[in-house]
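Participant: Sequence:
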Amino acid sequence: MAKTELGEKDLLNPNETILLFDLSSRKFLALIRSGTQLDFIAFYGGRRLIIRTIFEKYLDEHTELRRRKAWQH
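Heads up: the sequence shown at position 9 corresponds to 8 in numbering that gives the first Met the number 0, and the numbers run straight through without jumps.
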């Protein structure tokens, strides 16, 4: 069985979300651990899963989560 591409998955774990959206891991993990009520988080047992479509809308409004690109010389 072939693995599903990250961009096609409806639910992502936090590490997959960081990779797919090129996020700052420090900022993103702090956000999801903050205890703030976030619409894009679903819990499955003790695991946090990210609802991709809702998170994409959140990210449009909160671009500070994206990783800054390295300086170009």
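Bear in mind the hints are in silico, worked out from the structure with no lab data behind them. Just to be clear, a hint being listed does not mean it is correct.
What the hints assert, rightly or not - Cross-link-like lysine to aspartate or glutamate pairs, in silico, EDC-like; alpha carbons within 16 Å at most:
hint, residue 1, residue 2
1, Lys-2, Glu-15
2, Lys-26, Glu-63
3, Lys-56, Glu-4
4, Lys-56, Asp-38
5, Lys-26, Glu-15
6, Lys-8, Glu-63
Participant: Against this structure, judge whether each hint is valid.
Facilitator: The hints, checked one at a time:
no. : hint             : verdict
1   : Lys-2 to Glu-15  : 13 Å, holds
2   : Lys-26 to Glu-63 : 9 Å, holds
3   : Lys-56 to Glu-4  : 20 Å, violated
4   : Lys-56 to Asp-38 : 10 Å, holds
5   : Lys-26 to Glu-15 : 15 Å, holds
6   : Lys-8 to Glu-63  : 23 Å, violated
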